[in-house]
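Undergrad: Top to bottom, those sequences are chains A and B. Residue numbers for the first sequence follow our numbering, so the first one is 8 and each next one is one higher. Residue numbers for the second sequence follow our numbering, so the first one is 524 and each next one is one higher.
Keep in mind that the hints were calculated from the coordinates and are not lab data. One or more hints might be untrue.
Claimed, not checked - Going by beta-carbon spacing under 8 Å, a handful of chain A positions derived as facing chain B: (1) GLU61; (2) TRP64; (3) LEU95; (4) ALA98; (5) TYR99; (6) LEU105; (7) THR117.
All values reported here derive from a predicted model rather than from experimental measurement. Positions of the beta carbon are idealized from the N, C-alpha and C atoms, including for glycine.
Each chain is listed here by its residues.
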Amino acid sequence: METPDSTPPAEAEAYLTGQVVPKASGSDHAEFDPPEPDDDPQAPSGPVWRFLLEPRWLGWHLFVVVAFWGMLWLGDWQFHRAVGGNGLSWAYTFEWPLFAVFGVVFWARTIRDEFHLRRGGVTEADLVAAAMAKTMASLPSGAMLPAGSLPDGMVVQQLEGPNDAAEDDPELAAYNAYLAKLNAEVKGHNKWLRALHS
Amino acid sequence: MRAAALRYRVMAYITGVLIIVVCFVGIPLQVAAHNTFISNDIGTLHGFLYIVYVVVAYMLAQKLKMPLWPTILLLLAGTIPVLTFVVERWMNRTYIAPALAAESAPSQQPVSR
Numbered sequence: 008m009e010t011p012d013s014t015p016p017a018e019a020e021a022y023l024t025g026q027v028v029p030k031a032s033g034s035d036h037a038e039f040d041p042p043e044p045d046d047d048p049q050a051p052s053g054p055v056w057r058f059l060l061e062p063r064w065l066g067w068h069l070f071v072v073v074a075f076w077g078m079l080w081l082g083d084w085q086f087h088r089a090v091g092g093n094g095l096s097w098a099y100t101f102e103w104p105l106f107a108v109f110g111v112v113f114w115a116r117t118i119r120d121e122f123h124l125r126r127g128g129v130t131e132a133d134l135v136a137a138a139m140a141k142t143m144a145s146l147p148s149g150a151m152l153p154a155g156s157l158p159d160g161m162v163v164q165q166l167e168g169p170n171d172a173a174e175d176d177p178e179l180a181a182y183n184a185y186l187a188k189l190n191a192e193v194k195g196h197n198k199w200l201r202a203l204h205s
Numbered sequence: 524m525r526a527a528a529l530r531y532r533v534m535a536y537i538t539g540v541l542i543i544v545v546c547f548v549g550i551p552l553q554v555a556a557h558n559t560f561i562s563n564d565i566g567t568l569h570g571f572l573y574i575v576y577v578v579v580a581y582m583l584a585q586k587l588k589m590p591l592w593p594t595i596l597l598l599l600a601g602t603i604p605v606l607t608f609v610v611e612r613w614m615n616r617t618y619i620a621p622a623l624a625a626e627s628a629p630s631q632q633p634v635s636r
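Could you build the full structure based on these sequences and the hints that come with them?
TA: And the structure:
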């Protein structure tokens with residue numbers, strides 16, 4: 008698919024008969040070997056917490072701060088109404104701070120999940136490849152995708168032949184086990200990426 | 524999963540109905556007839572049931588591993604009339620039904636390359 012002479016005539020479509028792999032590790036995929044569980048092959052440069060300063064995370068922090076103070080302010084407003092004689096406001100006086108605390112807990116959990124994911128040493132490209140592999144496995148063979156529908160950094164690697172005895176290949180079995188493991192990790196933690204690609 | 528989805532749907536319908544009653548019956552009554560029973564008492568009831576809704580919906584969102592902003596939309600849906608029902612249908616179509624289908628067919632399809 009990526010070699011010039013096998014490019015389909017119509018740019019608009021590409022046969023999905025290959026394996027979607029990350030460009031970085033996928034250009035010579037015959038050499039692929041799944042990483043050991045303990046090693047960390049592509050550790051990001053710099054401390055892990057740097058992701059907290061990315062624009063989308065800053066936006067999330069800002070949203071939480073505004074929501075938190077907004078809810079406390081609403082609670083304070085209800086408190087003053089309650090003191091002023093509106094008995095119903097007592098209920099809301101306690102309800103708003105509760106929601107504010109809930110918002111902070113939610114925020115903290117998103118950060119904890121992301122730390123979990125990044126400490127695992129899994130790159131975004133690996134996660135996208137795992138998600139795509141799962142999607143492709145569910146498609147009928149010969150299904151078509153519009154060109155440009157692959158995420159950035161992904162390439163389609165041609166199959167040698169359809170349905171050749173895949174089960175007997177130990178390297179392939181190891182690769183599938185690796186993909187299944189990645190898929191489990193995607194399911195567990197990668198909220199942001201799923202939001203971008205869903 | 525099935526139980527969490529059921530809890531969410533029950534709470535979505537309860538809060539959804541209550542907020543429609545408050546907004547489209549209670550507030551007109553309060554304005555027109557100065558009858559504050561519905562807008563005050565049902566309103567407070569909705570306030571407390573909404574806490575339950577938030578907890579139940581958040582637990583479902585965690586189970587479904589939902590992305591961040593859809594989760595926020597889900598939680599806020601209990602406060603906006605009619606939107607609760609729209610979001611409930613969208614939740615069912617986008618997250619709950621696929622998750623239940625995946626649950627009943629858990630075998631991972633092998634990937635060939």
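Undergrad: Confirm or reject each hint.
TA: To see whether the hints hold, each was checked on the structure:
| no. | hint | result |
| --- | --- | --- |
| 1 | GLU61 | violated, 14 Å |
| 2 | TRP64 | violated, 10 Å |
| 3 | LEU95 | holds, 5 Å |
| 4 | ALA98 | holds, 5 Å |
| 5 | TYR99 | holds, 6 Å |
| 6 | LEU105 | holds, 7 Å |
| 7 | THR117 | holds, 6 Å |
Of the numbered hints listed earlier, those contradicted by the structure are 1, 2.
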